[in-house]
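Protein chains: 2
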Amino acid sequence: MLDRGKVYERIERDVSSHIDRLISFIRQPSVSPQDFGVRDAANLLSEMASNAGLKDARPVETSGNPVVYAELDVGAPLTVLVYTMYDTMPADEPGWSVDPFAGTIREVDPFGATLIARGAVNTKGPLVAFLNAISSIVESGQEPPVNIIFAAEGEEELGSKHLPEFIRAYESELRRANVLFFPSASQNSKGKAIVTLGVKGIVYFELELDGKEWGRGPTEFGIHGSNKAWVDSPTWRMVKALSTMVDDTGNEVLLKGFYDDVSVPSQEDELLLSRLAETFDEAEVKERLKVERFIYDLHGVEALRKYLFSPTLNINGIWSGYTGPGSKTLLPNKITAKMDIRLVPDMQVERAMQLVRRHLDELGFSEVKIRQLEEGYSWARMSVNSPYTKALLRSFAEFGVEVEVWPTMAGSAPFSMFAAPPLGLPFIDGGMGHGGLAHSPNEYLVIAEGGPTGGLISMEKSFVAILDNLSQLQDEPFSK
Amino acid sequence: MLDRGKVYERIERDVSSHIDRLISFIRQPSVSPQDFGVRDAANLLSEMASNAGLKDARPVETSGNPVVYAELDVGAPLTVLVYTMYDTMPADEPGWSVDPFAGTIREVDPFGATLIARGAVNTKGPLVAFLNAISSIVESGQEPPVNIIFAAEGEEELGSKHLPEFIRAYESELRRANVLFFPSASQNSKGKAIVTLGVKGIVYFELELDGKEWGRGPTEFGIHGSNKAWVDSPTWRMVKALSTMVDDTGNEVLLKGFYDDVSVPSQEDELLLSRLAETFDEAEVKERLKVERFIYDLHGVEALRKYLFSPTLNINGIWSGYTGPGSKTLLPNKITAKMDIRLVPDMQVERAMQLVRRHLDELGFSEVKIRQLEEGYSWARMSVNSPYTKALLRSFAEFGVEVEVWPTMAGSAPFSMFAAPPLGLPFIDGGMGHGGLAHSPNEYLVIAEGGPTGGLISMEKSFVAILDNLSQLQDEPFSK
Chain S
1 MLDRGKVYER
11 IERDVSSHID
21 RLISFIRQPS
31 VSPQDFGVRD
41 AANLLSEMAS
51 NAGLKDARPV
61 ETSGNPVVYA
71 ELDVGAPLTV
81 LVYTMYDTMP
91 ADEPGWSVDP
101 FAGTIREVDP
111 FGATLIARGA
121 VNTKGPLVAF
131 LNAISSIVES
141 GQEPPVNIIF
151 AAEGEEELGS
161 KHLPEFIRAY
171 ESELRRANVL
181 FFPSASQNSK
191 GKAIVTLGVK
201 GIVYFELELD
211 GKEWGRGPTE
221 FGIHGSNKAW
231 VDSPTWRMVK
241 ALSTMVDDTG
251 NEVLLKGFYD
261 DVSVPSQEDE
271 LLLSRLAETF
281 DEAEVKERLK
291 VERFIYDLHG
301 VEALRKYLFS
311 PTLNINGIWS
321 GYTGPGSKTL
331 LPNKITAKMD
341 IRLVPDMQVE
351 RAMQLVRRHL
361 DELGFSEVKI
371 RQLEEGYSWA
381 RMSVNSPYTK
391 ALLRSFAEFG
401 VEVEVWPTMA
411 GSAPFSMFAA
421 PPLGLPFIDG
431 GMGHGGLAHS
441 PNEYLVIAEG
451 GPTGGLISME
461 KSFVAILDNL
471 SQLQDEPFSK
Chain D
1 MLDRGKVYER
11 IERDVSSHID
21 RLISFIRQPS
31 VSPQDFGVRD
41 AANLLSEMAS
51 NAGLKDARPV
61 ETSGNPVVYA
71 ELDVGAPLTV
81 LVYTMYDTMP
91 ADEPGWSVDP
101 FAGTIREVDP
111 FGATLIARGA
121 VNTKGPLVAF
131 LNAISSIVES
141 GQEPPVNIIF
151 AAEGEEELGS
161 KHLPEFIRAY
171 ESELRRANVL
181 FFPSASQNSK
191 GKAIVTLGVK
201 GIVYFELELD
211 GKEWGRGPTE
221 FGIHGSNKAW
231 VDSPTWRMVK
241 ALSTMVDDTG
251 NEVLLKGFYD
261 DVSVPSQEDE
271 LLLSRLAETF
281 DEAEVKERLK
291 VERFIYDLHG
301 VEALRKYLFS
311 PTLNINGIWS
321 GYTGPGSKTL
331 LPNKITAKMD
341 IRLVPDMQVE
351 RAMQLVRRHL
361 DELGFSEVKI
371 RQLEEGYSWA
381 RMSVNSPYTK
391 ALLRSFAEFG
401 VEVEVWPTMA
411 GSAPFSMFAA
421 PPLGLPFIDG
431 GMGHGGLAHS
441 PNEYLVIAEG
451 GPTGGLISME
461 KSFVAILDNL
471 SQLQDEPFSK
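Protein sequence lines correspond, in order, to chains S and D.
When the first sequence is numbered by this note's numbering, its final residue is 480 and no position is left out of the sequence of numbers.
When the second sequence is numbered by this note's numbering, its final residue is 480 and no position is left out of the sequence of numbers.
If you're looking for bench data, these hints aren't it; they were derived computationally from the structure.
Backbone N, C-alpha and C define an ideal beta-carbon position, used for all residues, glycine too.
Be a bit skeptical, because a hint or two may be false.
[Unchecked claim] Okay, the calculated bits of chain D under chain S, using three or more residues with CB under 8 Å as the criterion:
1) 29 to 36
2) 154 to 161
3) 164 to 178
4) 314 to 324
5) 404 to 414
Pulled out of the complex, with its shape left as it was, chain S reads as follows (with noise of 0.2 Å):
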């Protein structure tokens, strides 16, 4: 049995040089979309792990980034998958008050301390608590109570392009673990865990329109805006694809069959569903992402229901011509589009990419041209039920936070392709801590302890007792 005390009180105790270790690695920009730093961050990972007591720890070369991999079998009868990303977003939007590599602390309201930095809760953040967790279970003199298996990527901000190579590569080593585990922060700005038991799926794609392969347009660069009046305009040719593709409001799907596949929420889901409606702080999301309505004024449950269990199509980026200031007149040459597509059950990511190209060539677009920026993965689910969620839950009970338990989240990630065949493997994420902003400026992590959310200490604690927690479930069948 392990010692929680111990350990907890080893955490509290070597707190600066906790925070010390988590800016370190902050500083170590590993920025997948831009290559910068991301080899030099795997090799430093490596040493962290190392560091803190896991064994064997190295870079596991892919056709991409590496995976940080790491193992620590202390004969128990349950092994975890600890997977998590040290790769980030880049950071070089206008916006950032603070240098986004420096791993500034500032004080802000109402959280005390707080990191201000790109990866911090995205996921440097967790990813160091986690191993601050391990090494503080070793330096109490224990083992930790389940066997770790540990899995940390640097591609997830492309879309885990290797990923499914590396499952391919480790599949004996990853078939000894019970149930992934994914740690995050999971506490909304209140204090309140936030609890999500799915993930939806997504594809990202390019849709582009080039003269050149067009046969119309200009073909090799844009030419002065006047010939327009006898050249086409790849530009417009792609407005007009594309707004075939969503209504006027631009939220319904007119891709024909892109919602035949979606299933109704289950049951279960539903009853989720109405019980998050009752605690959810629609007024808390809305300041925090700076929006002011939901789409169709939407409230509630009918928001929630939108949120978590519709498909997506999205416009992430678009360009094409001049982007600079005055009025340089110009026919463009092509014009690209960044896309995504969400997938809720029971979509597939191949199917929903036939449906575009067949929209398009139906509607006479076969012009538009679509490059698929890696495979794509798929929505996971989760039942509120199962053993390892019920582990979870109990953690946050132990903190004594408030819990709100959502039947998925709206985001996607790549732990669905642990939990697809053929490792089938069930999940769980969370933690205690609280940030925001990822993938925007001013990503941040709350570090100090005694605001209305858990600090540092108070997540690395937390990852102490989900692990224990895991391990009290001998007594239970592992189901899935």
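Once you've looked at the hints, dock chain D against the given chain S.
Showing chain D alone in chain S's frame:
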């Protein structure tokens, strides 16, 4: 009587110093859309105009960039307003094979020595060539055969924002002019002189949809893409708004009333069009623009009629959200499109902008904001039978080159501001020489003689010839 022979001799003898002047002016950037080097260029140009023999050369302040103004009153019966511009487009687009501000001269087949630089043809080359022509007249011991009023603006690539202000301030000076002359390179790549008798009008504006003003979508920054499921997308909404403005081909404008004021080409226009179609080198144009086919696969007179007599609504550029590498998921808070309308007789700028606003409002897109970047300017037209046009045509005949008369160009030029009330000046536009790729990478101007086109020497001589032929009009009425 001007002894042209002596002037031509001087031009030939001094050609290398004339090239040096051009290169030194190229090396002084004057990128008005980026406010890069413009004022230094104005000062340098004043000095160059002075050195060429013009009097009282000076930058005339406006609320924007100065107009470089000079005069030379030789007591001649005819006064020519030489209008030109010293500013250029930016040069930071990819595709340049040389430093665009270095003034690189390369052997280019079949032209021979060719200047490749931003501003080479638009319009530093012809501007410096004109000053070289004046200085050669003076250095040959003679006077120009006409009085000169020289006005070079520094905001042509900003839509000549403050040119109306200059015209108002200098109205009494400008009223002394009988005709406006815009020195330019008229020859196509095979040496044929293209004479255009008019310009289209233009108004440039941005359409923008910002979640903040809309009250829907993200209001302050782009947020995680998964929020598309319950948050509106300004990007999708703008795509829908834009797509209502043109038909599926992108070629017919659907703004109600857009074509109401378009006048049918006159009998003279049709005559010129059918003559033009006989010599129009469609293959040369398509090769130069790197365009495989015109809209609707039009050819010959039909293509030309579209090009010259139809108004356009163009997207010069559009951008929203994440446009970098990889697959960042984002729900953008804003989308902007740079648009322009080209006006043909008898369309009016103000009414065209009203149609855009009314269209958006009537279709329920009142949240799309219009930001008109400048006043815009009118179309302008001259008759082929005007004495000034005849003087221009006579000049090309003297150089023995084939001439192709176009009833108008498809582009716009702010000299129409001088053609409009209150000045109502007639205008001519042209000269020997060839260049291309204005507004594109590798903009060029042929320097060498002996290729299929005239070079710098021919250009300078032709400007002398044009002034001289204008001065011969003394016996004809100075009709407009």
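Now for the hints, and whether the structure bears them out:
1. 29 to 36: holds (count 3)
2. 154 to 161: holds (count 3)
3. 164 to 178: violated (count 0)
4. 314 to 324: Coverage by chain S holds here, the residue count being 11 at a Cβ distance below 8 Å.
5. 404 to 414: Check passed, 4 qualifying residues.
In summary, the one numbered hint that this structure violates is 3.
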